[in-house]
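Peer 1: Could you put the whole structure together from the sequences, leaning on the hints where they help?
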Amino acid sequence: MSGLNTLFEQVKAEDRAALIGYLPAGYPTVAESKELLAAMIDGGCDLVEVGVPYSDPVMDGPTIQVAADTALRNGFRLRQTFDVVQSVTDHGGHAVVMTYWNPVHHYGVDAFARDLAAAGGHGLITPDLVPDEAEDWLDVSERHELDRIFLVAPSSSEERIVRTVKSSSGFVYATAVMGVTGARESVGAGAAELVRRTRAHTDLPIGVGLGVRSGDQAAEVASFADAVIVGSAFVTAAQEGTGAVRALAEELAGGVRR
Amino acid sequence: MTEQQRKPHDPDERGHFGPYGGRFMPEALIGALDELAAEYDKAQRDSAFVEEFTRLLRDYANRPSLLTEAPRFAEHAGGARIFLKREDLNHTGSHKINNVLGQALLTKRMGKKRVIAETGAGQHGVATATACALMGLECTVYMGQVDTERQALNVARMNLLGAEVIPVTTGSRTLKDAINEALRDWVSNVDTTHYLLGTAAGAHPFPVMVRNFHKIIGEEARRQILEQAGKLPDAVAACVGGGSNAIGIFHGFIDDPDVRLVGFEPGGHGIDSGEHGATLSHGTPGVLHGARSYLLQDDDGQTIEAYSISAGLDYPGVGPEHAWLKDTGRAEYRSVTDDEAMDAFQLLSRTEGIIPAIESAHALAGALVLGRELGPDGLIVVNLSGRGDKDMDTAAKHFGYVEDS
Numbered sequence: 001m002s003g004l005n006t007l008f009e010q011v012k013a014e015d016r017a018a019l020i021g022y023l024p025a026g027y028p029t030v031a032e033s034k035e036l037l038a039a040m041i042d043g044g045c046d047l048v049e050v051g052v053p054y055s056d057p058v059m060d061g062p063t064i065q066v067a068a069d070t071a072l073r074n075g076f077r078l079r080q081t082f083d084v085v086q087s088v089t090d091h092g093g094h095a096v097v098m099t100y101w102n103p104v105h106h107y108g109v110d111a112f113a114r115d116l117a118a119a120g121g122h123g124l125i126t127p128d129l130v131p132d133e134a135e136d137w138l139d140v141s142e143r144h145e146l147d148r149i150f151l152v153a154p155s156s157s158e159e160r161i162v163r164t165v166k167s168s169s170g171f172v173y174a175t176a177v178m179g180v181t182g183a184r185e186s187v188g189a190g191a192a193e194l195v196r197r198t199r200a201h202t203d204l205p206i207g208v209g210l211g212v213r214s215g216d217q218a219a220e221v222a223s224f225a226d227a228v229i230v231g232s233a234f235v236t237a238a239q240e241g242t243g244a245v246r247a248l249a250e251e252l253a254g255g256v257r258r
Numbered sequence: 259m260t261e262q263q264r265k266p267h268d269p270d271e272r273g274h275f276g277p278y279g280g281r282f283m284p285e286a287l288i289g290a291l292d293e294l295a296a297e298y299d300k301a302q303r304d305s306a307f308v309e310e311f312t313r314l315l316r317d318y319a320n321r322p323s324l325l326t327e328a329p330r331f332a333e334h335a336g337g338a339r340i341f342l343k344r345e346d347l348n349h350t351g352s353h354k355i356n357n358v359l360g361q362a363l364l365t366k367r368m369g370k371k372r373v374i375a376e377t378g379a380g381q382h383g384v385a386t387a388t389a390c391a392l393m394g395l396e397c398t399v400y401m402g403q404v405d406t407e408r409q410a411l412n413v414a415r416m417n418l419l420g421a422e423v424i425p426v427t428t429g430s431r432t433l434k435d436a437i438n439e440a441l442r443d444w445v446s447n448v449d450t451t452h453y454l455l456g457t458a459a460g461a462h463p464f465p466v467m468v469r470n471f472h473k474i475i476g477e478e479a480r481r482q483i484l485e486q487a488g489k490l491p492d493a494v495a496a497c498v499g500g501g502s503n504a505i506g507i508f509h510g511f512i513d514d515p516d517v518r519l520v521g522f523e524p525g526g527h528g529i530d531s532g533e534h535g536a537t538l539s540h541g542t543p544g545v546l547h548g549a550r551s552y553l554l555q556d557d558d559g560q561t562i563e564a565y566s567i568s569a570g571l572d573y574p575g576v577g578p579e580h581a582w583l584k585d586t587g588r589a590e591y592r593s594v595t596d597d598e599a600m601d602a603f604q605l606l607s608r609t610e611g612i613i614p615a616i617e618s619a620h621a622l623a624g625a626l627v628l629g630r631e632l633g634p635d636g637l638i639v640v641n642l643s644g645r646g647d648k649d650m651d652t653a654a655k656h657f658g659y660v661e662d663s
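Line by line, the protein sequences give chains A and B. Sequential numbering from 1 applies to the first sequence in my numbering. Sequential numbering from 259 applies to the second sequence in my numbering.
Everything labelled a hint here was simulated from the structure, so no lab data went into it. Virtual Cβ for every residue (Gly too), placed ideally from N, Cα, C. The reader is advised that the hints may include incorrect statements.
What the hints assert, rightly or not - Label pairs and their in silico Cβ distance ranges: (1) A:Ala-111 to B:Glu-271: 29 to 35 angstroms; (2) A:Arg-257 to B:Arg-303: 55 to 61 angstroms; (3) A:Arg-257 to B:Ala-391: 52 to 58 angstroms; (4) A:Ser-157 to B:Lys-371: 22 to 28 angstroms; (5) B:Ile-529 to A:Asp-110: 28 to 34 angstroms; (6) A:Glu-35 to B:Met-393: 51 to 57 angstroms; (7) A:Glu-158 to B:Ser-607: 55 to 61 angstroms; (8) B:Lys-371 to A:Arg-257: 43 to 49 angstroms; (9) A:Glu-145 to B:Arg-481: 55 to 61 angstroms; (10) B:Pro-266 to A:Ser-157: 27 to 33 angstroms; (11) A:Arg-196 to B:Asp-514: 52 to 58 angstroms; (12) B:Thr-450 to A:Ala-111: 38 to 44 angstroms.
Stated by the list, open to error - Anything over 10 angstroms on all C-beta distances counts as not near chain A; from chain B, calculated: (13) Thr-326; (14) Leu-490; (15) Gly-587.
Said to hold, decoys possible - No more than 20 angstroms apart at the CA atoms, straight line, and that leaves these computed lysine to any residue pairs for SDA-like: (16) B:Lys-300 to B:His-349; (17) A:Lys-166 to B:Ile-288; (18) B:Lys-265 to B:Asp-299; (19) B:Lys-265 to B:Ser-305; (20) B:Lys-370 to B:Asn-447; (21) A:Lys-166 to B:Gly-289.
Peer 2: Now the structure itself:
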């Protein structure tokens with residue numbers, strides 16, 4: 001049904017994993033975040049996650065916390081998320097939005113989905129919304145033909161993995177380690193095991209995130225996952241500007257093609 | 259919790275009080291919440307656990323706490339009779355010890371060795387550090403940097419008790435950010451660590467579990483007021499930050515429809531100033547720290563920083579059961595400003611020789627207003643949730659007893 005299906009089919013046809021990069025909308029400003037996301041796409045990201053800066057990002061480590069805080073202090077408004085998504089679409093890229101639930105809840109789930117779809121966005125990644133609480137979103141996402149990317153974790157029981165993948169579409173987000181976001185020395189041995197456990201219950205592509213920062217790590221994750229997700233490392237690169245973001249994307253894009 | 263075990267006023271099996279509560283949490287923590295819910299469920303039905311908890315409350319925490327009439331204070335309340343539920347006399351000086359002993363026992367049952375907690379004023383942090391010392395558990399307390407400064411003595415107490423206190427320097431550097439940081443710790447260390455949440459908020463099962471550990475406040479108060487006044491009160495007053503002391507005392511009277519349940523929230527510098535923590539009176543429904551409830555938020559759903567002179571009340575969220583009690587009309591919520599609370603703080607000290615916590619002084623200020631509304635036949639029980647020793651620095655500055663440095 002979704003644009004993400006087509007995207008992942010194309011990537012699979014090339015016999016490689018997809019590269020997914022994250023940056024917050026409005027970081028450091030709305031205009032600059034559009035340029036940074038364009039640089040990610042130019043450098044080889046197949047899909048970008050547009051983050052929504054939020055006041056209480058409990059799943060995020062210091063790098064993304066500071067970025068969200070900077071964006072908010074620079075006056076970021078929630079509706080600008082859609083401008084940023086539109087800029088990705090206009091640049092020929094593909095975007096999903098990654099957001100904590102309260103901004104969506106407050107904007108109105110249906111209105112948020114409508115505006116995201118109108119901007120060409122493909123769906124939502126919801127780090128603090130589990131399917132158990134997602135009744136509205138399950139319904140609204142169908143209506144607006146958006147994908148629902150829920151998360152699985154090393155601590156998820158088989159029963160919860162089954163429930164999560166059944167509620168998901170587009171792809172499934174596997175959090176590689178038990179912890180918050182942030183670049184790490186190693187991705188964690190648990191990642192491959194989590195992908196294996198998840199694969200047993202779904203044909204959806206499985207993306208692995210939390211901790212990836214180098215081409216080598218990307219290659220390692222690409223050997224067992226359908227997509228490599230990189231966040232904090234891009235935020236760190238963004239502090240140096242579009243050149244550094246593009247260079248990191250190229251390195252990682254090389255990694256997923258080894 | 260299975261349907262058969264649900265009691266009246268319990269949430270549904272997924273932790274919903276009407277449209278509030280639930281679990282808005284990262285998937286990585288759902289397993290730990292399930293484990294906690296299952297263990298709590300078993301413990302409630304295990305007579306050994308119930309007996310041990312009851313014994314600790316009696317022999318360690320000093321329960322039952324007294325119910326003390328406050329006639330000289332009540333002269334300022336239109337002549338209504340006012341009784342104080344003396345949670346200030348518990349070990350560690352507040353109601354917080356009830357919940358902490360219960361959850362520390364559960365931590366041991368789950369075989370976990372490490373406890374983390376958040377604290378605002380320091381009451382919950384001190385209580386947690388105390389229970390961890392008693393039970394030999396490792397303890398880390400997250401406390402907003404602003405609060406570590408205004409409650410420096412409580413930091414020293416926690417250190418003395420063997421706890422590590424980590425000042426939180428993100429966001430508003432107060433209670434909400436301490437909770438964020440504790441959640442980040444928990445998701446990284448969940449196999450070894452229990453998050454001993456200090457209020458009846460957060461994701462299921464915390465709201466119902468914390469309430470049940472504090473229900474004894476209301477059960478004792480109901481029995482005591484019947485003995486001492488020969489009838490039920492017209493109103494029960496409590497302060498509401500996250501809402502744990504209020505939900506504890508309210509539940510003793512929740513099935514007595516003629517008893518009004520009145521929660522008093524921090525009005526700070528006044529509602530119009532925008533600097534307050536009156537979540538239920540002036541907030542809107544939203545999701546924060548794992549549950550749907552009322553919260554202070556801006557047009558984009560970003561949390562607004564709460565303010566109160568009381569470090570224990572400046573929280574922009576509130577427990578989900580209070581949201582439900584508000585919507586159903588079973589409880590009512592009003593706000594009390596810093597100045598009103600401080601006046602009541604001084605008044606109780608001077609009329610009864612009892613120095614209350616500034617948190618509890620919000621309930622006292624509310625009771626003065628309620629008493630005038632009820633008139634001379636009125637009967638009010640106030641939850642005196644904590645003692646005010648920790649607040650001397652704030653009080654001395656507020657009243658000009660010392661130079662404001």
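Peer 1: Does each hint hold? Answer for all of them.
Peer 2: Tested hints:
no. : hint                                       : verdict
1   : A:Ala-111 to B:Glu-271: 29 to 35 angstroms : 31 angstroms, holds
2   : A:Arg-257 to B:Arg-303: 55 to 61 angstroms : 57 angstroms, holds
3   : A:Arg-257 to B:Ala-391: 52 to 58 angstroms : 56 angstroms, holds
4   : A:Ser-157 to B:Lys-371: 22 to 28 angstroms : 23 angstroms, holds
5   : B:Ile-529 to A:Asp-110: 28 to 34 angstroms : 31 angstroms, holds
6   : A:Glu-35 to B:Met-393: 51 to 57 angstroms  : 55 angstroms, holds
7   : A:Glu-158 to B:Ser-607: 55 to 61 angstroms : 59 angstroms, holds
8   : B:Lys-371 to A:Arg-257: 43 to 49 angstroms : 45 angstroms, holds
9   : A:Glu-145 to B:Arg-481: 55 to 61 angstroms : 60 angstroms, holds
10  : B:Pro-266 to A:Ser-157: 27 to 33 angstroms : 31 angstroms, holds
11  : A:Arg-196 to B:Asp-514: 52 to 58 angstroms : 57 angstroms, holds
12  : B:Thr-450 to A:Ala-111: 38 to 44 angstroms : 43 angstroms, holds
13  : Thr-326                                    : 40 angstroms, holds
14  : Leu-490                                    : 38 angstroms, holds
15  : Gly-587                                    : 24 angstroms, holds
16  : B:Lys-300 to B:His-349                     : 27 angstroms, violated
17  : A:Lys-166 to B:Ile-288                     : 17 angstroms, holds
18  : B:Lys-265 to B:Asp-299                     : 12 angstroms, holds
19  : B:Lys-265 to B:Ser-305                     : 18 angstroms, holds
20  : B:Lys-370 to B:Asn-447                     : 11 angstroms, holds
21  : A:Lys-166 to B:Gly-289                     : 18 angstroms, holds
Going through the hint list in order, the structure does not satisfy hint 16, though it satisfies all others.
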